[in-house]
Amino acid sequence: MSDTHAHSVAFVRKTEIPPAPPPASQTGIVKWLRENLFATWANGLLTIAALYVIYLVLSVILPWLFGGVWNTSSLAECREVLQGRVGGCFSVLTERWPQLIYGFTYPTDQYWRPNVAFLFMLVAIAPVLFFDLPRKLLYFTAAFPFVAYWLIWGGSILVPIVAAVGIIAGYFVFDRLNKSSFAAGFFGAIATAFVIWYLGGFLIPEDQSGAMLSPVPSRDLGGFMLNMMLGLTCVSLSLPLGIALALGRQSDMPFIKWICVIFIEFVRGVPLITLLFVASVMLAYLFPPGTTTDLFLRVVIMITMFSSAYIAEVIRGGLAALPKGQYEGADSLGLDYPQAMRLIILPQALKISIPGIVNIAVGLFKDTTLVSVISMFDVLGMIRGPILASTEWNGVYWELLGFASLLFFVTCYGISQYSQWLERRLATDHR
Amino acid sequence: MSTETQNQLPDTGDLAAVDQSAMKVSNEVAISIQNMNKWYGSFHVLRDIDLTVYRGERIVICGPSGSGKSTLIRCINALEEHQKGLIEVDGTVLSSDLKNIDKIRSEVGMCFQHFNLFPHLTILENCTLAPIWVRKIPKKEAEETAMHFLEKVKIPEQADKYPGQLSGGQQQRVAIARSLCMKPRIMLFDEPTSALDPEMIKEVLDTMIELAQEGMTMLCVTHEMGFARQVANRVIFMDAGQIVEQNEPEAFFTNPQNDRTKLFLSQILGH
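Chains as they are written, first to last, in this note's numbering: chain A, 1 to 431; chain B, 1 to 271.
Worth flagging that the hints you see were computed from the coordinates, not collected in a lab. Please note that the accuracy of each hint is not assured.
[What the hints assert, rightly or not] Selected chain B positions facing chain A (in silico; Cβ < 7 Å): (1) Pro64; (2) Met110; (3) His114.
Keep in mind the model is a prediction, meaning the values are calculated, not measured. Ideal Cβ placement from N, Cα and C applies to all residues, glycine included.
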């Protein structure tokens, strides 16, 4: 064509050009290697150097990982079996597995209880995380905290029942009074719940030895189970509290606004570990004399306070990012404040805040290991204390800490992946 | 200023034809504003506004930017608070009581320059939200009403889409349908076509014309002088927070009295 074109513009094709494959150097793996790994001489050298470093690292880790020993009963036995070979002493994980998961004082014959609670937890959080699941499952979610409490702590079944009845009664009172005024409903509900809990307290027997599930005191909880319990409880409590604080900080009512601002600024300005020491030593002074408040509950209160202050600030960012028109659109239709917040503002603000909230949830979950400094035996407390201090396993650092890291990594990576799925799922703005 | 520009009537373009005589104005008062004043800090945005709107009226409010025309109609449904004077909507005096404000807002529809649709809800959900939650209408019935009004603004097929998937003109028509679903007795329009491309302005104005022909009481802040001439029964010109001039459209455009009105008209109609 090109030679005819010089003389004349007219052209008629006589033969069909058959389709041909592209040159080998322009497709598939060859092209990818050329473009990404060996684009220039310098790139090529860096690729080779990087491959060498990866080889060095793997050549140590892989034999250690796959040449490890899983069935001895002490570090000395491990060394005998290995005879100088490189290999991990993973026997500590198998031998101390129950301690790593449940702590060292949870009654051995009751391990099924936390296991069942764990399975229930998976079912209970499913409808919260995946809203395509049938909404009826949420009844199970609502019952889960009480069932799980009873399973893990045992004792009289009346304790969770009274707690649940108090909350249900409070809800009905709120529903009744809310029609006239929100404040009446709110405080009426709290008062009702407290009255029922107080009266219910007389029903609960002092002597719990005859209970269906033998009672387990909080100090006997431990291991990764403790981390999961603290993480789940604190995240699910601090999210609503954080929303309330964020809205309170935006309130027009000066009293509410200043309470929220002072709370947030104070709690954010104090290290978590300080709050935990307060929980373990000093919080008892704040409760009425003669009452002893459970250490687990005190720690939950402190971690929840801490993370709710952070979540409040993240949500405040989301609220600030919404255009003013959204508030006006809701107002102009006659929606009242709770409706506008619940239906229009919060769904959008929370969606914007997802990455920040997940960031805090992941951080909170990992921060539950800090309870080991106030002598609660979570998974890290177990490793640093009873396991490493024992004569059998003194000196097994890599295997134990690697295992703890793996547990946390798997959970946190899962949370992170879920949040990304959620963001994609909620993307309706088509930007 | 030449007399030629003063007497020029705005071009109505290819807007739908309107029979003004069919749109009846009753002598029942819809909105009554007496001696209303508003300040932003120490800045006096609205000064001694007196305005009575009768049921069935179509009022166009125009004026240079910053003249307070948007603020005026936003005061009517309490999106802005006035500091002095009286506003009475449908016989209810606007007070700072929240229940009173929510009641007035549910009777007065409003369309915004930037539509303010809710991006996390579908078109249908946008339209049914307020009837379900404010009017407590059953979901099914609210959806039927919503589809009726979406058909009226000619986009029933978009009901399951999200606002972000629609063009500006379609979004504004959804916003109109959303307001109509509350069965308001008064509609406020705050520059409904200012954020739209020229070809989309017509579809929105045609919807508004249709609404006017059904006897809706309308207050429109707009720069669409063709629409004003064709639909309005009264044009109000505002400047510096005051009502400077008001008249029937024909007289307003051909025979403006105040110098500022003349200047404004010559600027927007002169080209």
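Hint-by-hint comparison with the structure:
Of the supplied interface hints, the one on B/Pro64 is violated, with its beta-carbon coming no nearer than about 23 Å to a beta-carbon of chain A, more than 7 Å. Because the closest C-beta pair between B/Met110 and chain A is about 4 Å apart, less than 7 Å, the hint holds. For B/His114, the interface hint holds, since its Cβ comes within 7 Å of a Cβ in chain A; the closest pair sits about 5 Å apart.
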